[in-house]
Every structure is written in structure tokens, then in C-alpha cells.
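Protein chains: 2
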Amino acid sequence: MAQDKKLVEQITSMDVDFAQWYTDVVKKAELMDYSSVKGCMIFRPYGYAIWENIQRELDARFKATGHENVYMPMFIPESLLQREKDHVEGFAPECAWVTIGGQNELSERLCVRPTSETLFCEHFKNIIHSYRDLPKLYNQWCSVVRWEKTTRPFLRTSEFLWQEGHTMHETAEEAKAETLRMLKVYEDFYFDALAIPAITGQKTDKEKFAGAEQTYTIEPMMHNGVALQGGTSHYFGDGFAKAFDITFTDRENKVSYPHQTSWGVSTRMIGAIIMCHGDDSGLILPPKIAPIQAVIIPIAQHKEGVLEKAAELRDRLAAKYRVKLDDSDQSTGWKFSQYEMKGVPVRIELGPRDIENNSCVLVSRVTREKKVVSLDSLESEVDAMLAQVHDELVARAKKNLAAKTHTATTLDEFIDVDKNQGGFIKAMWCGDVACEDKIKDITGGVKSRCIPFKEEKLSDVCVCCGKPAKHMVVWGRQY
Amino acid sequence: MAQDKKLVEQITSMDVDFAQWYTDVVKKAELMDYSSVKGCMIFRPYGYAIWENIQRELDARFKATGHENVYMPMFIPESLLQREKDHVEGFAPECAWVTIGGQNELSERLCVRPTSETLFCEHFKNIIHSYRDLPKLYNQWCSVVRWEKTTRPFLRTSEFLWQEGHTMHETAEEAKAETLRMLKVYEDFYFDALAIPAITGQKTDKEKFAGAEQTYTIEPMMHNGVALQGGTSHYFGDGFAKAFDITFTDRENKVSYPHQTSWGVSTRMIGAIIMCHGDDSGLILPPKIAPIQAVIIPIAQHKEGVLEKAAELRDRLAAKYRVKLDDSDQSTGWKFSQYEMKGVPVRIELGPRDIENNSCVLVSRVTREKKVVSLDSLESEVDAMLAQVHDELVARAKKNLAAKTHTATTLDEFIDVDKNQGGFIKAMWCGDVACEDKIKDITGGVKSRCIPFKEEKLSDVCVCCGKPAKHMVVWGRQY
Chain A
34 MAQDKKLVEQ
44 ITSMDVDFAQ
54 WYTDVVKKAE
64 LMDYSSVKGC
74 MIFRPYGYAI
84 WENIQRELDA
94 RFKATGHENV
104 YMPMFIPESL
114 LQREKDHVEG
124 FAPECAWVTI
134 GGQNELSERL
144 CVRPTSETLF
154 CEHFKNIIHS
164 YRDLPKLYNQ
174 WCSVVRWEKT
184 TRPFLRTSEF
194 LWQEGHTMHE
204 TAEEAKAETL
214 RMLKVYEDFY
224 FDALAIPAIT
234 GQKTDKEKFA
244 GAEQTYTIEP
254 MMHNGVALQG
264 GTSHYFGDGF
274 AKAFDITFTD
284 RENKVSYPHQ
294 TSWGVSTRMI
304 GAIIMCHGDD
314 SGLILPPKIA
324 PIQAVIIPIA
334 QHKEGVLEKA
344 AELRDRLAAK
354 YRVKLDDSDQ
364 STGWKFSQYE
374 MKGVPVRIEL
384 GPRDIENNSC
394 VLVSRVTREK
404 KVVSLDSLES
414 EVDAMLAQVH
424 DELVARAKKN
434 LAAKTHTATT
444 LDEFIDVDKN
454 QGGFIKAMWC
464 GDVACEDKIK
474 DITGGVKSRC
484 IPFKEEKLSD
494 VCVCCGKPAK
504 HMVVWGRQY
Chain B
34 MAQDKKLVEQ
44 ITSMDVDFAQ
54 WYTDVVKKAE
64 LMDYSSVKGC
74 MIFRPYGYAI
84 WENIQRELDA
94 RFKATGHENV
104 YMPMFIPESL
114 LQREKDHVEG
124 FAPECAWVTI
134 GGQNELSERL
144 CVRPTSETLF
154 CEHFKNIIHS
164 YRDLPKLYNQ
174 WCSVVRWEKT
184 TRPFLRTSEF
194 LWQEGHTMHE
204 TAEEAKAETL
214 RMLKVYEDFY
224 FDALAIPAIT
234 GQKTDKEKFA
244 GAEQTYTIEP
254 MMHNGVALQG
264 GTSHYFGDGF
274 AKAFDITFTD
284 RENKVSYPHQ
294 TSWGVSTRMI
304 GAIIMCHGDD
314 SGLILPPKIA
324 PIQAVIIPIA
334 QHKEGVLEKA
344 AELRDRLAAK
354 YRVKLDDSDQ
364 STGWKFSQYE
374 MKGVPVRIEL
384 GPRDIENNSC
394 VLVSRVTREK
404 KVVSLDSLES
414 EVDAMLAQVH
424 DELVARAKKN
434 LAAKTHTATT
444 LDEFIDVDKN
454 QGGFIKAMWC
464 GDVACEDKIK
474 DITGGVKSRC
484 IPFKEEKLSD
494 VCVCCGKPAK
504 HMVVWGRQY
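Here the protein sequences line up with chains A and B, keeping their order.
The opening residue of the first sequence carries number 34 in the numbering used here; numbering runs sequentially from there.
The opening residue of the second sequence carries number 34 in the numbering used here; numbering runs sequentially from there.
Among these hints, one or two may not hold up.
No copy is singled out in the list; a pair is fine if it fits within one copy or between any two copies.
[Stated by the list, open to error] Calculated cross-link-like contacts (lysine to any residue; reagent style SDA-like; alpha-carbon spacing at most 25 Å):
id, residue 1, residue 2
1, K96, Q196
2, K480, Q53
3, K353, L91
4, K118, A435
5, K353, E101
6, K182, T132
7, K118, K287
Keep in mind the hints are simulated off the structure, nothing from the lab.
Produce the complete structure using the sequences and hints provided.
What follows is the structure, encoded as C-alpha cells:
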């Protein structure tokens, strides 16, 4: 029992120091490790398994909406990156450059891809000639590199894993519809698979992607009220097509430029899961993406028949769930703490008395509720508790989002809310970037998250300058 | 029909120019495209889908043998790469180096990983302390970079996709068993999934991996008699462990070095599939990894009811197979050629008369055999034809391997066989690297493929120097 206590003591409470709590959890749940490569991280088996589950779920949704996977080179020649002006300005400052290959100085240096619009455009030029070649609905799973000064596991690292969708369309309308469709895929995925409700909307011009006409975003709120940009979907118009001279013969036999989108989510989603659902005992994983959905802990496992019955249960449940039996010689208390730390949604306790009664005990990781259930109806009881864990996580996250979203109609009120309550602030905005800059300066970091799809009219004037308001904006601090 | 003819004419016959045939097939089957990044290639949807199927099949086999996936950084600091002497000598000459990150010259340059032994070792040092931490059975799916002077799609590119397994064990025996076990996983995968029989065995010291004590290899033969190193499995002993100071407390409470393995296969397997099975009509894909296992071609599709019935068949078959219906307005002849080019194992033809008879026509891509089958037993007929395609591919590849494997007992005979017949040559060897060098020089490129697990005693003396022979070696030219 000394061991359990030690384990629990090692985690900083989230109310004491949220950042330290986060660091403790990612290390002690064995999600990641540091390496000697500055700013890069190692995905350990448990962390990578979460990513594999995310990939499988998302990939199925991409394929169901008609997308195909491809793989582009990881290098971008400097001249190719420079082809679209805004894009290169946005990304060049944070590129890693390969200058030597096979012991020779390269005649043109190569950037390790920070994103692949330019590579896709070069390829699209080769393969798009007629309206019959459209749409092209492509996606790529890969790692990208953006040289970051300060890094934090999963949230901001110099290398990260992601997917980037890149599509080309006959018309602006079709491309715009794709942009919104994929944001909706993200929104549904966050809700259904990650148990995370989030605000969705359009980025202001200041915050949009380098080279995009419009950027849409999904902005989940973390437990401490801070936002995390959870995924973005961009409409490019025909800007890149013109820069890369991509044309096609349209249905009227005229030469036209296709319209383009891109959209992406990354391993920072794992950071969102941790910070949205975790508690002082560690991680809590949504059942849909948990590497272990249920862990079986034998009680008094030295007693005759306990381990055999536990193994039998494991084999039975493995047909339907990702299940693990811990029959190691660690103490029961240590095991309880360990799988709470790892965020396993359901714990199954099985001891001699349970076996006698043809029952076992299910324990929810979220509510800690214990339920004695008959082994005859085990699957339906596990189903029910997994569903309950998911629903409970959604309900908690919704409650947190509502509790930490405030409104402000004057700048004083805005500053006061940010200082004393934090979280998201809904406030009207004139549409001028000067007001965004001023709010960021005054507050020391609050930025517009998005103009939400569901706008409210809180007043007629901008919270900052008092001029007529154009939009309601959700503001907040971010990771 | 002019269009079909054009399509067929565009492929060079494999007997006329095998290299050109290969290039034609990879382009026209839409497996890949070139990019402006020298030596790198684009995986188009059809090529990448083959890789996804390979990944899914192999990943399941790795997990079934107890391996877990992880992800390491893509960069290796120069000092880390230099830690194991033989390893850095083998890889440094072909590294790509990042020297600038975020607009600043790096204090230490970073190599883009050519392979990740060094990164795994650095991590193993952090996480291995006791025999209870062993074995560690890790695998990683990623892309790696080796700066190549001459490149060929799938076979040799500066960047390629692969998996690399890295494991650590308590004892040498256990690590050696793992090395052989994973080679067997590859051998079974080649046979069961890719329909490719191959020679397996041990590499000579000259040909082994940089830093390995032993390297085992799988060496399939291409249609033209040339070998392709299809996958390797390495036993490292405790060499890296010593270089990286990785120790653990063993069962006798003594500090020991763990024993290590690594093993990998890459996207060059796609090259093996093309060159082992393809013909003058294009690709032939083994059913297990074919992105489209059966294509439905409607005949006289303008006639009432044909497209409806074809769509109904597609929906029915989609429950069990990867199936496609081509209802485009291209000619039937064009469609036949197109899906032959793409190597789809089974073609299903469905016209008005078939519908009247409640039947359809199945056509095998390998034998071109046509079979009229009842729609009532469609699934069992498709199953049978897919199995037949697989078996037929195996039989052909076996026949080719046998026909193009020769023996030689004198150097003159060796040279004659190589010149006039090509293929693999079985010959005795004294164990001296000088004889390997001499054979390579005299023939202009024939190398030892491996000392096969199934050795034969062809004579008492080395084919090259006449001294007592130690082993039978399979020799051959390679991609």
C-alpha cells in the first residue's frame, strides 16, 4: 500500500498547478518520453495506441466521405515553397532545412514539410486536365516539422503527427461545401469518439491559415478554461491554383482554375483528451479510443480458481472489447491506482466471492460508481457502463464549457472577466484587426478563437472601440 | 476501340525491355508519380492503397506476436548516430542533414533518420532497468531517408516508407530466436499475402547490416531472374547495448547487458509484387492486398436494368470484398484493358443476357479463364476464383524460381551460367570475403544473396578459389 500512496503523491493536483499536473500525467501514464532531439517527443506504446485508434476512426470517416489516401515526399524544395507568397511568409520562419545530402552541399536547400499544400499543388498540376478529373479528394497521414521555441508534449512539438486533407473542385461552391463538410466531420468525431463538445466557427482574417481565403476551426475548452485549436479546415479559392498554374477544361470547354481546400487535425488531440477529461488520479480516456476499454483485476488472486476464471473472462471479453487482465504480482491497490492513472474507462474486479456468486464488480473510472453484475449479462453491463462513461464525459465537458463561458459588453468588463474568471468570453467585434491587437495587448494574450456559427447579438457595438459591431466573437487564451 | 489499342501499345513488352516495362506499369497503373524532389516519389491512391493493405496485414501479424507500435523522432543528432562505430560508418555517407532550424544555424546538425537503432537505444536506456522490463518488443511505421544517387520507383528512392522492429531481450538465445521468428513472419507474409515464394537464409559478413552480428534475409526472385532483398532481420548481440550503456538487473541480481534485434520491410515490396507477378498487360495483384479484388463491368450498360443490377451486385459483394463497379461512359474494351493494367484479380461481366439467365461471367486476371456462374452462388464462386488467382501466382513464381536457379561447381561454369542463363546460382564457398569480391568483379555485379537455411552439398571446394568449402551460397544480381 506504500507503493500506491507514493504513486498518487507523485501527481500534482490540477488545481494546484495545472501545467505540472499535465506533465505528470503524460509521463506517468506512459504516453510519451523525451529524447535528446530538442523539441521532439517519443510516442510510447500507450500514447501511440491512442493515436492508432484515432487514426482508424477518422480514416473510416474520411473514406466514407469519398477521400483517398496518398503519400507525398517529406521534403519541399525552397523554390516550390516560395511559389505562393502568403504561404511562404507564414511558414518559412519555422522551417527546418536540409542543406547536405549524401555528403554533398545541395544546390537547392529542402525544407522538411511543415504542411504540404505546395507538394499537392505540384502534383495536381500533373493530374488535373479536365472537369472529369475533378473533384480530387486526397488525404495524407504523416509527420510534419515546425521549429518551435517552447514545446510541450502533444500540444506543441517541433515534429508532430497529423493528417492533412487536400482537395480540388470544379467550383467555388463545391470547395466551400467541402471545407464545411470536413469541419463537421471533425466536430462529429470530437463529440462521438473523444466525448468533447466544442465551439465551431470561422477564424478572423488575422488568425486564418497562411494563404487561405477562409479558415474554419473547432475550439474545445480544456478543464482550466483555456482553448485548444482542435482542428482547422481551409478554403483557398483559386489562389494556389493560379500560383501553380493548375487549370482544367470545364464543362463549357473553357480553361478554368479549380478551387481548393485543405484540413487537418494532429496528435494535439491527445493533449485535448488529457486536459478536457483528466482528473487528479490521472487520465480518463473516452471508451471509443481507449487502448484498454476494460481492465480485469483479480482479487485475492492466490486463491484457487481466481486467475483461471479471470483469464476465462478476458478471453470472453476480448471478442468484443480491448481488454487486459493484470495478473502480475503487484498489489491490488497498486493495480487500481495504475489503471486509474492510465484512464481505463471500466475496471472489472473478480474475487473468490464473486466467482461463487457468478458475478463481478464493474467500476466506472469517471464516477467511481461500483456495480455488482451477473456474469451471465456481462457484455450488456460492460456496454452500458462504457456508454455511461462516454455520456458522463460529454456532460462534464459541456458543463465546464458552459460554466467557463462568459459575456462582456464593455472593455472593462472584458478585462475583469478575463482576470477573475478566465475561460471563453463572448463579445461583439467591429471586424477591425486593430481591436483584436488591442485586446491581445491589454490582456496579455487573449485572442479571437472564432466567429461561431451560432452567433448571438449581445449589443450593437464593438466591445473594444464602440464602433458598430459586425460579429460576435468567442475570445480566449490558448495552448 | 482505338483507345484500347493505344493503351496496350503504350506498354513496352517485358521481354523487349524489362526496365522500361516496369516504368510503364508503375506510371500507367497509377501507382506513383514523380515530384520535383530529386529521388523522392509520390504514392498515388492506388499505390498507397496497396501499402495500406500490406500494413494492415503485417501489423496484425506483429501484434499477434506480441509487438507494440511506438513512434520516435525523425531526427538523429550527429553525436547520437556516432555512438556505435560500425553503424555510423554504414549510414553516415547516405544521410540527409538538417543544419538550419527556425532561421538559425543548429549547434549540432541533425540527420533525417536512415534507420532508428540509435534512437531506440537512447529510449531503451531510459526504460529498461530490471529483467521485469524485458523483453521490449517494439515496432515503428514511418518514412526513412537514404540519399541515393540512382533511384527507381519503389525499389530505390531517397525517401521510402517502411516498418522497423526493435526489440531487447534478457538473453542472447531469446534475441536470436526473435530474429529468426520475425524472418519467418516475413516469409509467411510473402507467401500467404503476396503469393511470393522466396529463398531465406543468412547474409555473409560482407553483406550484413552495419552494426549487426548476424543478418537474415528473404530474397524473392523477380520475373527476369534478378533478386530483390525483400526484408532483413538482424541480431545485434549486446553491441549497441554496450555502446549506449543500457544495463538491467538480471534474475541473479547482477548487472547485465540486454540483447537486441531489429527487422524491417519497406515499400520496395510493391516493386517485388510488380516484377514477380506482372505481365505484358500490366500489373497482377495478389488478392489479399489488391485494393480492388473484383471489378464489375456492365455489358451494354445503356440497356434497361443493366446498371441497376450491376449496382445491386456491387452492394451485395461490398459486404465481403473490396469491389468496384465501373459505370463510366468509357468503352467496354477500354475498361477491360484498364483493370487488367491495374491488376484486379477478378473481373465480373454482367450484361442483359446474363441478367436474364440469373448469371454473370467471372474472368481470372492470371489465366484469362472465363467462367459463367449463377448469381445464386456468386460469393462462393468469387472466393474460389480469388483463391485460384493466388495459387496460380504462387505456382508461376515457384516455377520461375526453379527454372532460373542453376548450380555451378567451377568458376568457368559460374561465369557461363551467369552470362547465358542469369538467375540465381547455387555454388559452394570457402567463407572468404576475397572470393565474394572476386566473383563480383569478374561477373560485374553478382553478389552472395545468402547462405540458405536449406543448404545442399554440391562439392567439397569453393567455386572460386578451390579451397575447402564452408557453405553453399545462393548468388545473384540484385535490384
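> Does the structure break any of the earlier hints, and which numbers would those be?
Replying inline: 4, 7
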